[in-house]
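Mind docking these for me? Both chains are given alone in their own frames, and the hints should help you get the complex.
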Amino acid sequence: MVYKAEISRINPTCFLFLVDHSTSMNEPVMGTEGNPKKSEFVAEALNRVLQSLVVSASKDLDIRQYYQVGIIGYGTEIQSILPGANEETHLAWIDEVYQNPLRIEDRIRQEIDSIGEIVEISVKFPVWVEPYARGHTPMRQVFETAYDILAQWVLDHPDSYPPTVINLTDGQSNDGKVTVAAEKLRSLKTNDGNVLLLTLHTSSHPYDKPVIFPSSVEEMPDFSSRSMFEMSSLLTENLRRAAEEVLESEINITSRGIVYNADIAGIVQGLEIGTRPANLI
Amino acid sequence: MGPISWLSFTIPKAGNRDVENEDALFPTSGIGETISGKPSTFIVADGATQTSFSGLWARCLIEACANKSLSESNFLLSIENARETWDQTFEGKAIPWHAAEKISQGAFTAITWLEIHHSPLNLGYAYSWKALAVGDCCLFIARNNSIYVSLPLQNPTDFSLSPTLVPSKRERLDSIKGNIQIGSGPLKKGDQIILTSDAFAAWIMKQSQSDKLSFLNMIQSIKNAKDSVGFTRWINSLRKSGELKNDDTSMIYIELGE
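Line by line, the protein sequences give chains A and B. Everything in the first sequence is counted per my numbering, starting at 266 for the first residue and increasing by one. Everything in the second sequence is counted per my numbering, starting at 9 for the first residue and increasing by one.
Source of the hints: derived by calculation from the structure; they are not laboratory data. Careful: at least some of the hints might be erroneous.
Unchecked claim - Cβ pair distances, simulated, as ranges:
hint : chain 1 : residue 1 : chain 2 : residue 2 : range
1    : B       : E99       : A       : T288      : 49 to 57 Å
2    : A       : V267      : B       : N187      : 30 to 38 Å
3    : A       : V482      : B       : A22       : 39 to 47 Å
4    : A       : E352      : B       : G100      : 36 to 44 Å
5    : B       : G238      : A       : P348      : 34 to 42 Å
6    : A       : P348      : B       : R25       : 25 to 33 Å
7    : A       : V384      : B       : E88       : 20 to 28 Å
8    : A       : E352      : B       : A102      : 29 to 37 Å
Said to hold, decoys possible - In the EDC-like style, the derived pairs of lysine to aspartate or glutamate whose C-alpha atoms are separated by at most 20 Å in a straight line are:
hint : chain 1 : residue 1 : chain 2 : residue 2
9    : B       : K253      : A       : E271
10   : B       : K177      : A       : D325
11   : B       : K101      : A       : D325
12   : A       : K389      : A       : E352
13   : A       : K389      : A       : E370
Beta carbons are placed, not taken as given, at the ideal position from N, Cα and C, and that holds for glycine.
Only chain B is shown next, with the shape it has when bound in the complex (with noise of 0.2 Å):
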């Protein structure tokens, strides 16, 4: 096992076709482990179902952000350079008149970015992490079975219908002045760090709020599921049973080893 291993997945609303998921994830749906002493970047994002083209604005965000170390101004830079790649997409393509004035009206997503740093030579925390967040994709840090980081909600009653979003139109980026919340600290072997976009970050909170058992549980649920086929079928079983809202769900598990 690396140092840090990972296991990300995500699935459409029930109803809805793959394409039509508006979550976006870095790295995208899979298994995997780093192997290097470079910081490891993870990413949740998650586009406003009310605009359009906003599933497309989430992974250009991703993408913008994926290839930069973690910062506020690096962030706001990636919001310019997501914002060309976004705008060139309707360049010269016909495009009919209700897409029009949706697009106009721009797109919004929110996104939460994770970048952990291995440094094997500090014996007490081998690892620290930074994170970065505008809306309610959630981090999630525990340590002996128990959440001691949740960023940048902390209660399911935070989760609101309109919250702080990353707009595509640069006349609205004054929307999340104030709004960008940073974070960092020290991380030990065996701690247990998960991702998500709201629906299913609200469920882990409800879980968490419980007791330990229900931690437990929830983690070896995750690890379960394997593939994208066995989360599909765990999160469509939280659904039916009324405990998960029926959105866009995708996660990010990810566990430090030696």
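So here's chain A without its partners, still in its complex pose (with noise of 0.2 Å):
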């Protein structure tokens, strides 16, 4: 158990998101810029995430197939949103994501020159997923809707680096037996390794204290962030570098995959960290 397989289009890996439709990503997100509801910058940082994750397999004019793609909402339904993935694997290839966003934005971005000047340029956002928010939490029954889609996977791609999963949620589980189903989704394995599971929690308060990734679960403040914090897997040394990359600071390396009462900024770093591809080839 390594997490140490190149992903290549021999041993491709495989994202995993699980998105919270729950009603509560309707609260706004007091003390951030413009109040934007928990829903929208999910979808919005979900959005970017498969922007980044299509910008690294793409080679020269052509888009790998390095990564397979699913993003399944939990709330009154439990649904695949990704459009182009398969009906019955609920997943699509990177290139197939590439072909199939429900429209592209034009927006501006700036950038420093050649000669160190800030302009202006004009750049393509795809969208692909849009905010959404009505119903409970299932997640217990999207763990295991995760597990039946991966469980396919890990044996198609028996040497490929393992899946990652990726769980955005604002709440607790109110389905029963959550860590159960998380333990039985993390004891899926490729020769490489376990699936791995991380949580990216938000909340919608500006004065809760962010955890991130925590050593101990003696740093988290209640019985359900303990409880999230056991169903998360230990970071791998890949992911911990690149959380030290992008956070600036270290990372022990009992550290679980979890960040808790992330901000905006969290969820953003937390998805980077989480995605980014390890040896990729």
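So this is what it looks like as structure tokens:
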């Protein structure tokens, strides 16, 4: 179990995002400019991370099939929300993701040019995911759905870097026995390691203290957050290195893959760290 | 046999197509010898995997260097020339957004540029060499079956995932300042010279650290390769046995004669 497999077209990897669609995701994030709803900034962050994955798989004029991607929303219903995903596997190859956005927006980005001046350039911003919030938080059921999706995937890709599951949520499960379902999901494995389950938890309240990649359960503020700590995988060496680079701080060897009470930046950073392609060849 | 004879090969990593090979060579794959008294130029470049159009960038840089005499100022001028060629490739073309984003990040390449001078009237050392290197493409010079020059890296552990590389973007050029390595020295008839990209360079270092017999076997294997098919067969056997990293692999082998 080394998490060292090179990610290639012969041995691709998989990213599966689980997105909380519960009604509370409609609440605004207080203390952030514009007070955006949690569902809005999660959708925005997901669209950015999908764009990053497409670009990282881009080689010359092609997109190489280094990843399969799935996005499962869970609220009133548990369903695939990634356009272009296969109806049976609920996954799409990264080049299929590129081909199937809902729309492409033109946006302005500021860059520093070759003589050091700030210039505004027009860039394309593809949108695959829209904000949505309705229902409860059936986290146990979505973990079971993820298990069904990935059980076949690990059989089909025995030598691949194992799938990474990223759970984006603002609350706690209310459909029971979620830790058992999470453990079962994490028990799936390839020859390179077990499925990685990362938790990105966000909060509406500006005074909630964020807990970033904690190394001990005592760092968690309450019972619910301790349960999420236990559900989340230990950070692998690659993920620890990515976290140290992004956060510019040391990450403990026993740190878990959970960001709790994160603000917008915390969610964006968590997604960047969790999807940083290790050993992409 | 001319005074300087050479053979050069380049193959993509196993599983990739020839067009996906991001290494570049000068002279390109083949066998040849020099007959004039002009300096002989040999270059190996290795475009970075993580960036796009880095094989093109490696080729642009080699082409720009190959028609100049070796010096640091000419190297910096070559980077400018190569950048113009690389940029022009995309002008006026419809580029998908994913590729445009990758192009905006620029391309990177390692390069080692070698120049050999022949001075037949100098009886002690009839040849001399000069080389310039950025990154992890390596030059080896051997005498009496023992490598005595290894540039710019010396140990298999020196190969890292993020070597300093030559960028295509002008604003990133500061990264190579202080990282351009230059060396020179005399050469004798019978000296053996190898220029390679990183995977093969690391393997050569391991071979040369064991014993002289390994070095002799290695040279014999290089000579036995004879052509690209033979080289591919040999390299694939090393990859399969786990001795050689599966990566684009390029090599120029040079012998000095009368």
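Consistency of the hints with the structure:
1. B:E99 / A:T288: 49 to 57 Å: About 51 Å separates the Cβ atoms of E99 of chain B and T288 of chain A, which means 49 to 57 Å holds.
2. A:V267 / B:N187: 30 to 38 Å: The hinted range 30 to 38 Å holds for V267 of chain A and N187 of chain B, with Cβ atoms some 32 Å apart.
3. A:V482 / B:A22: 39 to 47 Å: holds (46 Å)
4. A:E352 / B:G100: 36 to 44 Å: Since the Cβ atoms of E352 of chain A and G100 of chain B sit about 41 Å apart, the hinted range of 36 to 44 Å holds.
5. B:G238 / A:P348: 34 to 42 Å: About 49 Å separates the Cβ atoms of G238 of chain B and P348 of chain A, which means 34 to 42 Å is violated.
6. A:P348 / B:R25: 25 to 33 Å: Hint holds: Cβ distance 30 Å, inside 25 to 33 Å.
7. A:V384 / B:E88: 20 to 28 Å: Holds: the Cβ-Cβ distance is about 21 Å, inside 20 to 28 Å.
8. A:E352 / B:A102: 29 to 37 Å: Given a distance of about 32 Å, which is inside 29 to 37 Å, the answer is holds.
9. B:K253 / A:E271: holds (12 Å)
10. B:K177 / A:D325: Holds - the C-alpha atoms of D325 of chain A and K177 of chain B are around 16 Å apart, at most 20 Å.
11. B:K101 / A:D325: Given that 20 Å is the threshold and the Cα spacing comes to 13 Å, the pair holds.
12. A:K389 / A:E352: violated (28 Å)
13. A:K389 / A:E370: Measuring from Cα to Cα gives roughly 6 Å; hence the hint holds.
Violated hints for the displayed structure, listed by number in ascending order: 5 and 12.
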